Each structure stands twice: as C-alpha cells, then as structure tokens.
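Peer 1: With the sequences and hints as input, model every part of the structure.
Chains A and B are the protein sequences, given in the same order.
Heads up: the first sequence begins at 2 in our numbering, then just goes up one per residue.
Heads up: the second sequence begins at 13 in our numbering, then just goes up one per residue.
Some hints here could point you the wrong way.
Below, simulated DSSO-like cross-link-like pairs (lysine-lysine); rule was C-alpha separation at most 30 Å, straight line [what the hints assert, rightly or not]:
id, chain 1, residue 1, chain 2, residue 2
1, B, Lys-372, A, Lys-558
2, B, Lys-441, A, Lys-544
3, A, Lys-339, B, Lys-432
4, A, Lys-339, A, Lys-152
5, A, Lys-152, B, Lys-441
6, A, Lys-152, B, Lys-432
7, A, Lys-152, B, Lys-372
8, B, Lys-432, B, Lys-297
9, A, Lys-562, A, Lys-544
10, A, Lys-428, A, Lys-339
11, A, Lys-558, A, Lys-544
12, B, Lys-372, B, Lys-473
13, A, Lys-152, B, Lys-163
14, A, Lys-544, B, Lys-163
15, B, Lys-163, A, Lys-562
A few chain B positions that, by computed beta-carbon distances, are all more than 10 Å from chain A [what the hints assert, rightly or not]:
id, residue
16, Ile-16
17, Met-28
18, Met-29
19, Val-44
20, Leu-52
21, Phe-59
22, Ser-71
23, Pro-74
24, Lys-114
25, Val-160
26, Leu-214
27, Ile-221
28, Pro-231
29, Pro-271
30, Ser-440
Think of the hints as simulated: they come from the structure by calculation, not from any bench.
Keep in mind it's a predicted model, so treat the numbers as computed, not measured.
From the three backbone atoms N, C-alpha and C, an ideal C-beta is built for every residue, glycine too.
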Amino acid sequence: MMYELYALIPVFAAAILSLVLGKRSAWIKYVALAGSAASLLISVYLIFVAPQTTTVTWFSYGQIAFTFQTAATHINLLLLLLINAVNPLIIIYSMGFIESPSEQSRYYFLLSAFALSMMLFAISGSLPTTILAWEMLGITSYLLIGFWYSKPEATAAARKAMTMMVIGDCSLLAAVVVIAVSYHTLIISAINLLQPTPALYLALSLVLVAAFTKSAQLPFSEWLSDAMDGPTPVSAFLHSSTMVKAGVFLIAILLPIFIAAKMLPVILAVGLATALYGSLNALTERHIKKVLAYSTMEEMGLMLVALGLGSIPAAMMLFLMQTFYKALLFMGSGSIMKANSEETDISLMYGSSSRKNLIIITTIVGAISLAAIFPLSGFFGKYAISYAAYGTFYYPVILLIGLISSFYIFRWIGFLSRKPTGKNKTKIELEYKTIPRAMVYSQYAMAALVIFAALLFTRLPAYLGSAPIALKPTEIILESAAALAGLAIAYIVYRKWAAKSLSGARLNRPYLGNVLNSGYSGVVIVAQAASRVTNRIEIAMNKGVSYAFGFLIATGKLVGKMEDGKPNTYMIAFLIGLAVIILIFVT
Amino acid sequence: MIQIFPLIFIIPVLAMMLLYRASDERARRVTVVATAAVLLISGYLFFTSYNLSETIGISYLPSLGINIAIATNPISDILLFLASIVIFMAAIAGTKDSQNQKLSNALLLLFEISAIGVFTSANLFIFFMFWEAGVVALFFMISSLGSVNRKVAAFKFLMYEVFAAAMLLIGILLIFESPAHTLNMATLATTASLIPVPYQLLIVITLGIAFAINMPLFPFHLWLPDAHTEAPTEGSMVLSGVLTKFGAYGLILLFRLMPIASQYAIYVAALAIISSIYSSFVMMKQTDLKRIIAYTTIIEMGIITLGIASLTSIGTTGALVGMMAHGITIALMFLVVGSIYNIFGERDIRVLKGIASSAKAEVYAFIYGTLATTGVPTTATFVAEILIFIGAYQAFGAYALLGLVPIAITGAYLYFVIQKLVTSSSESKPVDYVGFWQRFGYGFMIAAIAAFGIFPFLLLKVLGVG
Chain A
2 MMYELYALIP VFAAAILSLV LGKRSAWIKY VALAGSAASL LISVYLIFVA PQTTTVTWFS
62 YGQIAFTFQT AATHINLLLL LLINAVNPLI IIYSMGFIES PSEQSRYYFL LSAFALSMML
122 FAISGSLPTT ILAWEMLGIT SYLLIGFWYS KPEATAAARK AMTMMVIGDC SLLAAVVVIA
182 VSYHTLIISA INLLQPTPAL YLALSLVLVA AFTKSAQLPF SEWLSDAMDG PTPVSAFLHS
242 STMVKAGVFL IAILLPIFIA AKMLPVILAV GLATALYGSL NALTERHIKK VLAYSTMEEM
302 GLMLVALGLG SIPAAMMLFL MQTFYKALLF MGSGSIMKAN SEETDISLMY GSSSRKNLII
362 ITTIVGAISL AAIFPLSGFF GKYAISYAAY GTFYYPVILL IGLISSFYIF RWIGFLSRKP
422 TGKNKTKIEL EYKTIPRAMV YSQYAMAALV IFAALLFTRL PAYLGSAPIA LKPTEIILES
482 AAALAGLAIA YIVYRKWAAK SLSGARLNRP YLGNVLNSGY SGVVIVAQAA SRVTNRIEIA
542 MNKGVSYAFG FLIATGKLVG KMEDGKPNTY MIAFLIGLAV IILIFVT
Chain B
13 MIQIFPLIFI IPVLAMMLLY RASDERARRV TVVATAAVLL ISGYLFFTSY NLSETIGISY
73 LPSLGINIAI ATNPISDILL FLASIVIFMA AIAGTKDSQN QKLSNALLLL FEISAIGVFT
133 SANLFIFFMF WEAGVVALFF MISSLGSVNR KVAAFKFLMY EVFAAAMLLI GILLIFESPA
193 HTLNMATLAT TASLIPVPYQ LLIVITLGIA FAINMPLFPF HLWLPDAHTE APTEGSMVLS
253 GVLTKFGAYG LILLFRLMPI ASQYAIYVAA LAIISSIYSS FVMMKQTDLK RIIAYTTIIE
313 MGIITLGIAS LTSIGTTGAL VGMMAHGITI ALMFLVVGSI YNIFGERDIR VLKGIASSAK
373 AEVYAFIYGT LATTGVPTTA TFVAEILIFI GAYQAFGAYA LLGLVPIAIT GAYLYFVIQK
433 LVTSSSESKP VDYVGFWQRF GYGFMIAAIA AFGIFPFLLL KVLGVG
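Peer 2: The following block contains the structure:
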C-alpha cells in the first residue's frame, strides 16, 4: 500500500496550512513543527514495515508511459528518515531565528515545501517523479536562498543557484527524453538493468551534469558558497540532508547502470577534484558560513569518490554522518553570528569567555566530528571513504584531504572560540545569553545526534544489505594521524594570529573560488558577446526592413506625383505620349 | 449537437451588433458576457471532444469552389478552447483606455470571430478570409489603441502580415489552379498527391513563408517585438496567445495536406532551432519587459515548430499541448507586465526596482509565468516540452536536444529579470493600482496552466491518445 506516501502528508498539510493561516497567526510555527514531527514518526515506522511501491500513471503516449512511482528500498527509506530527523530540529531552530512575524507564513511554507520536495525525491522510483521533485527542489531553494529579497546579495545568490539549477533541469529533461525514446521505460529499477548503447552514454552523461549541478561538483560548484546569503537554518537544511545530497543520491540509486556503462572513473575524477577544490578553498576562506559551504563541496566530492569506487555503503556512511555534524555546525554558526551582531568574518568574531557556554561547546563537538577524530560520528563517515579507497592510488589524496579539512575546521573553530576582548566584551557576553532558547536547544539535540550517530556505524551496512565495514588498525591510525596533524598545524599557524585581525594576511581569501567564478564570468561574457552580435544582426535587419518600407513609400510618392489632379499635367503627358507613339509609327 | 455549434459564431456577431448602440461601460459588460458564453461553448466542445466531421456548408461561389464550410476536429477543439480562454481573459482583465471601450471591445470580438473561423474552416478560401479579418482587427487594435509609436509598429505589423496573407493567397490560388483543383480541405487531402512535385514544392514554399511570418520564425520575426511594444495589453495577449497560433495551425495543415512537405521537415526543424537560439540571445539584450516577453514567444514558437516538424504523432501532440500552454502562459505574462506598467508607469528593468512590496500579486504571477515558460513539471509546458523533444529526438536524434539550450537561456535570463525587479535597495513608487479583475485573470490563467499540467490527459484525451 501507499505507506511511504503517508510520510509526506503531514508536511504537505503543514505547508498548505502555513499559507492558509496567513501572516498574523502565531500558530504557524507550531503547525510546521507538528507536521514535521508526524512525518518523522511515520518515517521511523516505515523503517520497520518496508512498504510496497505505489504506481500512478500520469499520462502515457503509445509505448512510453509517464508514471509516478515510489520506491521503498532501504536506501530510499534511509534518506527519508534523515530528512525527517533533521527537519523538526531545523524548524525548532527557526522558531528562534525568524523573528519577524510578517515573514513567518512565507518562511514556513517554503521550508515545508522544500522538505516535501526532498522527501518526494527520496522515495522516487521513476524518472518523472524524480524530475518533478528535482525541479521543485530547485524552485523552493531559489525562493529560500532569496528569502530576504531586499538584500541584493541574496537575490544575486539565488539567481546564480537557479541558473545552475536550470542547466541541471534541462540536462535531466534531456536524459529522460533519450531514455524514454531508446528504452521505453522510465522506472529506475528497470533502467538499472539496461544494456549500454551509445544513447545510454548520452543519457547518463546528461544525468551526471544534472547531479553535479545539484551536488555542487566542479565545474558547477560555486553557487553553493554564494547561497550563504539565505537564512542560516535554510543553509543548515540545504547542506545536511537536502538539495546537495540529491545529486549524490541520484547517482547512488542509478549506480548499477553507471557500473554497467563503465562510467565510474568520471564520477571518481570529478568527485576527487571537487573534494580537493573544496578543501583548499575552505583553507583560506574567512566567511564563517562559506568555510562550511566549501567543506560541504569537499564531502560531496568524497561521497562521489566512494561511488566512483563502486561502494554504496561507504558513500552512504558519510552521507549519514555528514548530515548531523554539518547541520550542527551551521546551527552553531547561526548562533555565533547572532551573538556577534551578524558579523561574518571569522577573524572579527568571538566566542564566550564563559567556559560553560554550550553554544560554543556543541559547535566544537561538530568541528571535532568534521575533523574525523575518534569516536565522533564524522570519524566513521570519513573512515568509510578511506576504507573504500584503501590500497588504491587515491588513498593518499584522501588522507591529504582529511588533513586539510582538519586544518581548516580547527582554524575556523579556533577563531570562533576566542574569548572576547576589549570594549565588545560585555556586549557579546550579553548577546550570547539572550540567544533564543529554541535555537540553543535544537543545537544541543543536534549535538547529541552527532555523538550517538556513531552507533549506526555497524548497523548501516547491514541495513543496506552489504558487507560490514571492518575497522582496521592501520587505517584508523593513518586517518587519526592525518586529523591530528591538521589540528597541530592549525594550532601552530594560527596561535599567534588569533588575537590579530587577518585582514592583512594575503593567504586568507579563496583563490580557487575566484578562478572558478571568473570562469563563470567568462561564460557570461561569451554569452553577452553572442547576444551583442545577434542584437546587431537584429538591428541591421530592422534597418533593412525600414529601408525597404522607405523605398515603397518613396515609390508611392513618385507615382503619386504623376496623378496630381491638374488637367495641364495630364494634357502634357497625353501629348508627349501621343508624340512618342506617332514617332514610333512613323519611323 | 448541430444546434449548439453555430452559436459560437452567432454570439460574437450579435454582441458586436449590440456594441453599436451601447455605452462605453455597457460595451465592456456585453463583451465579457459574450466571450464568456463562447468560452462555455468551446469548453463544452473541448471536453466532449466534439468532432463535426461533416462540414456545415453554404455554397458561396461554387464556380470557384468556394463555400462557407465549417468543420471541427480534435486539433481545432483544442485551439478553439485556447482562443476563447485568452480572449475571455483579454476582455475581462485587459486594461483598457476608458475612452475607447467600444472600439477595443468591438475589435476583440472581431478577432474572436476571426480566430474561431480560422480554426474551424474546412475551406482554404474561408481560412484565408478569417485570417485576414484577424490581422485587420489587430492592426486597428495596435494603431488606434497602442502607445506612442503605435503608427509605425502597426504599419510594420500590417506590411508583414499583408505580405504573409499575400503569400497565403498565392499558395491557395496555386492549389486551386493545380490538378487537385479544390479548396476543400477534406477533398484536398486525398487529391493532393495528383499535384506534380515541383508544383507542390512551390505551394509548400509560398505557404511556408506565410506561416513562418505569422508564427514567427527567425528571419521573418521582426514585426513581433515592435508590435508587442506598442500594442495595448489585451492586444498583446491575443497577438501572442492566439494570432501566432494561426501560423502553427497552418503548418500542421500544410504537413498533412501536401505530401511533399514532409521531405523538407528537417529544414523547418533546423530553422526552428536556429530561430529559438537566435531569439534567446537577442532577448538577453532587451530591457523592456514587453520586448523580453515578446522574444520568449519567438523562442517557444520555435520549440512548437520543432514538434510539428518532427512529423511524429507524439511531436505533433506535444506541439498542440505546447500551443495551449504557451498561449495561456504568454497571455498571463503580458497581463502581468501590463499591470506592472499600469502600477509603476514603467517597463524598463533597469529602472524598476523593489516592486515586490507594492505589487506582490504581480511578482508571484510573474514568477509562476517564468516557471511555466521554462517548463517546470506540473505546468502544461513541461508536458509539451517532453512530448515535443521525444518526437524530435525520434526524428532528428541528439540534434533535437539543442532545442533545450534556448529554454535554459530563457530561464536564466528571466530569473535575472526577477532579481532586477524585486531587489529593493530603493523601491519604485506606484502611481496607480490595478483592480480585482486583473488579479482574477492571473488566478484563472495560473489555474488553467496548472490544470493542463497536472492532468495532461484532459488535452491528450481530445486527441484520442493516452
């Protein structure tokens, strides 16, 4: 039966209600929370019942049927649960974060719609469902990133993201067209059994382009770092369990056909390049949220590396663990930004002098988890990747990426946990104390999830029905050594700088990000040049048409002169004509 | 059955007669009622898949084979419904100059008669006559109700459309003088193969140019942006929403009637893709909202032509869904832009800023229109695009996917436009407001686009597929 769809109903109802209730109602946030909680309960229940799939034919033409079909395999249910586990905490956090009552209706509607799109994507079993959820995700994220539409940077970031999404949407549509024509099926489980033909390579390349745009892989990655101008809870949601995970998940559920088509090296290469790119950018970035955004790029890249090595459990392990610590880090940075009066430069931001400040402590937990230090969940996530890569040529690169990520996150948390000094001290202390409870408590809950998610390490491969990921001492030691080395380097490099501002340090801006952004500008310049050329042609054609019309009008005037209505003219013309005729006849 | 169908002609004619004596205020009401009645009738025809295969004919000039013959088929059911939706919306929501209510309403009704005639005529000569009536109605709509440069734009429109009509007439005369020797479409379908090949080619070229001008396709499109810039809102709505469909409908007929035409389909498809890509680049340079929307018409009509030229039944079906989707979407976009112009007295995206606070409904409708233009699932355009591209991929292989490039560019540029419109470091000051009926118009058209997008079988059922 349609159990898996039941999980979507409460959130859907919440989305509709937040529109219906309108601006004035104080109940909207509770409605959204209740909806997400109900969805969470249902998706936990689904883990135990393993539901059947549901099929609804949308429309069909001849052999090609466009069916909405759900899939309820374990990997689908896992993503569904992840989304629903994060969603209520994000909503609780938002209760504190979104202060203006006039924004509430729009915010909770969009947030619920965003969650709903991702949930639909999670249980999608056919490409029409996927493409529907895919484009809904794009649109809702567009509206959420540009939520504060009066901020020019926010709308610009939203537009940049949407431009990438449009490219992805068109590629996915093209892929659907190619598969529909060549194979007459759009059911994902059937697609996974296909035999490779040239058309399939075209289709799968288009799918990859789509997945790379959503998962912020090279060369489509720079929208993600700009998307930081949206509300922080949205970033926390977008970077942890939704949106960027969609691309990785799409490749994961289509992995058998990618294996059959021997396209894994492409996935691996792009993933590895993006992981390096993201980690190197995070190393020199100073914007509090952009460091985390580049780190997300890196993690998505690592998941693709695992998929490129053909290991779904390794990819899903990081997929699972990253969800919690990334959400926690974003929540923490939102709280810290609020306490530092919306400052975003980490070198100008301070923690609290109180050692018992749990906002900072939970954020540190998240950072340690990201740095992959035993025994927090992040360690197991990254361990799974190195486990999959162990013994291959890529293993040292992955260790290096681990070292870099440990380095940048300790640099990040090192700045953020400094004790405030000088005249701002009392102000910042006070601000930390007045941070809304909803934000603080949801952050604590997320920190608990980060700690306890480590328990899922052995459960996950079993749940996905694959061989367990063994804990090998050498690999553990190597990975921990890399993480600790990162910590040590961060301590040595930034210990002295910590007190000072970083503004003079040339190292501290993302060089690579600028390179990619200038690449985008290059594409835009080329497009604009093409636009100028076509516009010239257009103007020239218009001129030509005006000349043609001018010629017609001039001819008309000339002919009009002959018939000016004066008998004299006519008489003269008549006589001339007569003379000509006589002359012709005479000679 | 036979009794209800003629009403679709009789009602607008009666309404036009009533307008002659009516006051300005009443003129509007009469038009709204008449167009609503036509909408109901065409809706009835649409939902019952009305198929009047036997023609209602009145002999007119038998010696020339001209008789006033009317027939409907599934294609005309769809296009009739589209025309009546768009014209009803233009009547109810088009912002009108209060001085010229009578004239503008009369022209709208004349255009309605013409559109119904074009989509139902079973005789090529009648087809031509109704076509010309539509051109004349729109010419006066632009030249007497348009904005500042209306005379020039209307003249340009007229020159192009008269040239198209001349080509159409030449083509029709060539058909009549050919061995097929008939203007009756049903007869022609069976006798067209009698026409020698070079002669058929001549017919295809003349008619093809006529339809390409009307659609419009790339080298012949110059009239459209200018006409839109100067036309009043309701004029723009029916111009892009309905008039451009005359050409597309003609192209479908041409491929059906002339056997030789199918050999040249690939050139038509190539021209369609070039036209779309070219216009998408030109669009990027436009700053006038109306011109931007006008260029999306050329882009979308190119995609629709691609579907028709694929000559597959799935592509043609997609093209018909696309005509429905595009007709309503573009009418919505022009209505929104007209409202924005009314509210702020400005249409230039470099000047308009922060309009979201004083024109919230307009911004949301514009965003929805953008989604519908770029073919997001659950809008009718998505169904159209996927069917068109499946058909085109079957016919032309991977080259057909080039048609997605202009769609991506359109999307990217329209989102840029939205960013320009809503970002408000400073806000544009409203100088006027729009009334309830404009908002009703947005709602009605959004509902229609969504209905056809969510339940595509409504359209597919009429065509007997799905």
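Peer 1: For this structure, which hints from the list above don't hold up?
Peer 2: 1, 2, 12, 13 and 28
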